[in-house]
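J.: Going line by line, the protein sequences match chains A, B and C.
Everything in the first sequence is counted per our numbering, starting at 1 for the first residue and increasing by one.
Everything in the second sequence is counted per our numbering, starting at 303 for the first residue and increasing by one.
Everything in the third sequence is counted per our numbering, starting at 677 for the first residue and increasing by one.
Bear in mind the hints are in silico, worked out from the structure with no lab data behind them.
As the structure is a computational prediction, the values presented were derived from the model and not from experiment.
One thing to keep in mind: the hints can contain errors.
With a straight-line cut-off of 16 Å between C-alpha atoms, the simulated EDC-like cross-links for lysine to aspartate or glutamate are [claimed, not checked]:
| no. | chain 1 | residue 1 | chain 2 | residue 2 |
| --- | --- | --- | --- | --- |
| 1 | B | Lys656 | A | Glu237 |
| 2 | B | Lys560 | B | Asp400 |
| 3 | A | Lys167 | B | Glu621 |
| 4 | A | Lys66 | C | Asp688 |
| 5 | A | Lys144 | B | Glu451 |
| 6 | A | Lys118 | A | Asp67 |
| 7 | A | Lys167 | B | Glu394 |
| 8 | C | Lys816 | A | Asp183 |
| 9 | A | Lys225 | A | Glu204 |
| 10 | A | Lys66 | C | Asp684 |
| 11 | A | Lys97 | A | Asp67 |
| 12 | C | Lys698 | A | Glu204 |
| 13 | C | Lys821 | A | Asp202 |
| 14 | C | Lys698 | A | Asp183 |
| 15 | C | Lys816 | A | Asp68 |
| 16 | A | Lys143 | B | Asp659 |
| 17 | A | Lys143 | B | Glu621 |
| 18 | C | Lys821 | A | Glu301 |
| 19 | B | Lys545 | B | Glu394 |
| 20 | C | Lys698 | A | Asp122 |
| 21 | A | Lys144 | B | Asp619 |
| 22 | A | Lys291 | A | Asp277 |
Take a look, some chain C residues computed to stay more than 12 Å from chain A by CB distance [to be verified]:
| no. | residue |
| --- | --- |
| 23 | Val678 |
| 24 | Asp688 |
| 25 | Thr708 |
| 26 | Asp733 |
| 27 | Ser742 |
| 28 | Leu744 |
| 29 | Cys759 |
| 30 | Asp780 |
| 31 | Leu811 |
| 32 | Glu837 |
| 33 | Ser871 |
Quick reminder that beta carbons are idealized off the backbone N, C-alpha and C, glycines included.
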Amino acid sequence: MIDTPKYQRSYHYAFIDETTKKEIRRKLLKAVAIPGYQVPYSSPEMPIARGWGTGGLHITLAIIGKDDVFKIIDQGSDASVNACNLRDFVQMTTSCKTTFDAMEATIIQTRHRITEEKLGKDQIMVFQVPQPEPLRDVERYEKKTREMHAEMNYAKMWVSLYEAYVKYGAIMYGAGYPVMVNDRYIMSPTPIPRWDVPNLNDSECIYLFGAGREKRLYAVPPHTKVEPLEFEDVKFEIERFLGTPCSITGEELAFLDELYEDDGLKKYVISDSNYLDKIRTGQLVHQHINKYLKAMAHERES
Amino acid sequence: MGYIAVKGGTDAIRHANALVEYFRLRSNTKPVDIEQLRQQFRLGIDKVMGEGSLYSTEYGAIAFKQAEGDVFEAAFILRAFRATLSRSYYSETLDTNDMQIIRRISASFREIPGGQVLGPTRDYSQRLLNTQLATETELDLAAFFKEFETQLEGVKLQELQTFDKVIDILRSQGLLKPVGNPEDTRLVDVTREALRFPAPRSARLQMLARGETGGLMALGYSAMRGYGAVHPTVGELRVGYSKVYVTDRAGRKRYIGKIMLTEAEIISKIEEDKNGSIPYIAIGYGLCFGQNETKAICMGILDRAMRIQNGNAPATDQEFVLYHTEGVEAMGFTNHLKLPHYVTFQSTLDNLRKAIDQKEKASTTTNQNTAITT
Amino acid sequence: MVRELHYDPVFDAQRHFRILLKSMANPGIINTLDDVALDQPDGFPKAAALIGFSLLDTEITFWVDSSLSVAAYLQLNTGANICPVSEADFLFLPGLSTDETVADAKTGNFQYPEQGATLIILVETMSATALEGSLCIENKGPGVKNSNLFFIKGINRALLEIIQKKNSEFPLGVDVFFVDQQDRFISLPRSNQFSIKA
């Protein structure tokens, strides 16, 4: 930085100006009042590229305060390069405390995973959203998808799920499985694995979603009904890791990453880096409980 | 060790940032002067300002230098910088009739009031690589200026003239009519609210003005080639300085400076009405910072194309044009593919393996059934 | 009418917003908002002023019931603009209002329901346990495990019925903050159904 008065700049607390913060805050309250509905917002430019987490940052920076403890993960990992860059940015503009511990954090910003541990009522999870519109693959036009949500006309979506099933024998959604929120809005949970989807339902914490590039905010309050789309005879399923345990901890009931090291052999490792650390060091963990996990645990017993 | 997605993130970033600086400076050549960039890379910086949506040749030059000449990256830096600035005033509406012209042409008429002013343009030069630029010295500059001043000696200085708009000729003859459906004339600020569709014209023009030149060019070109059937003629193209005024808090009108703008008024034919009514002329409008004629012309073409009802070409599709010519968003999202997507991918693999299993089970069952029946 | 100098527009606004967010996400639970020294107009709860300061600014329009003389105070301290009921983003009114004007408050439209207004309703007292002379309200919906029960004194049944009617076509509707004279408040978003017990 050139050291002349002309070029010296000081930035706002949390980078974003207060007017924009207020706008985001007002919109977040409306998002919470209408669970699963995408609220348009100004989404100003950030020094981070579009598509790299500006929406998540907008929410975090609009809500964060001096007493917050901030955690950020990417694909479940705290040490991932982009998470490090965003953590540095938040830390630099707020001087907040940062942590890798999911239970210590008050705000957790995440890209494409929910923590393996269940968050409590004083915690907020902020999702980075690449594509907020769950209907985009079946309808390219924003004007039309907005009408579809307005009229709760989701026929196109159901037909496409059915067609995928007929063609492939499975509903071909890997990550980002569409969900119905509060019996009213189909919502994109972001490209989280199916493993994480059941943990949106009936939570204790607040889930906030920010799509910076597409300029939309949405929310799922605690104790809200969030159900994956499924048919009577074709049900939603989570990924299976029974028989392919984590090569470090032996855990089979957590979401595992498939990886190949120098020896070329296929290995599995717990994806959530903080969870991995805790299991490895024998700490107490508070994993989510949902019917799919219970069924899988039951299957493992028998 | 290369890039491991998961561990050692902070170190990797630090090293990457150091390497960026290293690659920028390793030639150990003289640091580039911002003033040189501002003046001798004028057109590149005009592009950066236009796409960065901030008129400042100085900050544009700094961004251009920081980005090692990458216009996308420089525009992005400038946009992010712009977002931190406080908004003190809105200017009075600029009247481009009063533009201090450096260039002004029309392709629609051979002669126009005030004449065709070619101005600084490479349009009629031969694009022969000038290797003498490799050894340009200050003496060469002095010699050029001496020669140029000699040429000026013979020219009589005239009063600064403003030029009427060519399309006003058409308007006064009743050849220009409001066409199409009544427009939504709301004035929105696309930097303060998200686009909604159908977007009002003010929003469309703002998006185009901030749009990426190459993207606009590709779509404008497609419209000219038949994908959208806009048969354009340049009604008028002007490049020059427009004065900027604001009203201060005491209510007085104040001059705060002048900016260079390129303005294009593109004339195009309307499709024939089925009822056989007269196909009046429609204007597509383009305006952008600095001298960027390609962009202004394509803006005008796309402004017109997006007003075509029931068009079936990309250039006529508002959502397609406006979303995909937004350079900062497009560049960001394109490059975001480099971020780790292994969890998403894992889920896809799992699904695929399941589908393969299902298929195998289904064919095994069929085989068994076949075996039983035979 | 005073310009509040002790209010920190950066950190107070942020801290209070977090309380508002948690409240809206957990409707029917009582919270308090009173930790900044203010010189607000008589009878106007500090909590209502702080909610206003946290959310209102020059981009917002608001309406104030004629019985409250707080419009100028809010305008001075937030820069928000007064406007008719049907255009207002935020409305301030007393719970005992018999005026049906608030029935005109905007509820958004099906494509953009978030344009529905936010109501700040000033009541006398609220409690999580039975209160003499109060109405008992039970709410259910997103943010609530089973149901919540709360008691409000200083509110007309008719006003509550207007709100129910405005929120009867979800996602259209208004979102409400009830604020009492002791700076307690409760949120009731349109996503929640509520019934008025005895």
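J.: With reference to the structure, classify each hint as holding or not holding.
T.: Hints, verified against the model:
no.: 1; hint: B:Lys656 with A:Glu237; in the structure: 11 Å, holds
no.: 2; hint: B:Lys560 with B:Asp400; in the structure: 12 Å, holds
no.: 3; hint: A:Lys167 with B:Glu621; in the structure: 31 Å, violated
no.: 4; hint: A:Lys66 with C:Asp688; in the structure: 11 Å, holds
no.: 5; hint: A:Lys144 with B:Glu451; in the structure: 62 Å, violated
no.: 6; hint: A:Lys118 with A:Asp67; in the structure: 21 Å, violated
no.: 7; hint: A:Lys167 with B:Glu394; in the structure: 60 Å, violated
no.: 8; hint: C:Lys816 with A:Asp183; in the structure: 14 Å, holds
no.: 9; hint: A:Lys225 with A:Glu204; in the structure: 12 Å, holds
no.: 10; hint: A:Lys66 with C:Asp684; in the structure: 13 Å, holds
no.: 11; hint: A:Lys97 with A:Asp67; in the structure: 8 Å, holds
no.: 12; hint: C:Lys698 with A:Glu204; in the structure: 11 Å, holds
no.: 13; hint: C:Lys821 with A:Asp202; in the structure: 8 Å, holds
no.: 14; hint: C:Lys698 with A:Asp183; in the structure: 22 Å, violated
no.: 15; hint: C:Lys816 with A:Asp68; in the structure: 30 Å, violated
no.: 16; hint: A:Lys143 with B:Asp659; in the structure: 39 Å, violated
no.: 17; hint: A:Lys143 with B:Glu621; in the structure: 9 Å, holds
no.: 18; hint: C:Lys821 with A:Glu301; in the structure: 31 Å, violated
no.: 19; hint: B:Lys545 with B:Glu394; in the structure: 10 Å, holds
no.: 20; hint: C:Lys698 with A:Asp122; in the structure: 8 Å, holds
no.: 21; hint: A:Lys144 with B:Asp619; in the structure: 13 Å, holds
no.: 22; hint: A:Lys291 with A:Asp277; in the structure: 25 Å, violated
no.: 23; hint: Val678; in the structure: 21 Å, holds
no.: 24; hint: Asp688; in the structure: 10 Å, violated
no.: 25; hint: Thr708; in the structure: 16 Å, holds
no.: 26; hint: Asp733; in the structure: 5 Å, violated
no.: 27; hint: Ser742; in the structure: 25 Å, holds
no.: 28; hint: Leu744; in the structure: 22 Å, holds
no.: 29; hint: Cys759; in the structure: 16 Å, holds
no.: 30; hint: Asp780; in the structure: 20 Å, holds
no.: 31; hint: Leu811; in the structure: 22 Å, holds
no.: 32; hint: Glu837; in the structure: 20 Å, holds
no.: 33; hint: Ser871; in the structure: 18 Å, holds
Hint compliance for this structure: hints 3, 5, 6, 7, 14, 15, 16, 18, 22, 24, 26 are not met, and every other hint is.
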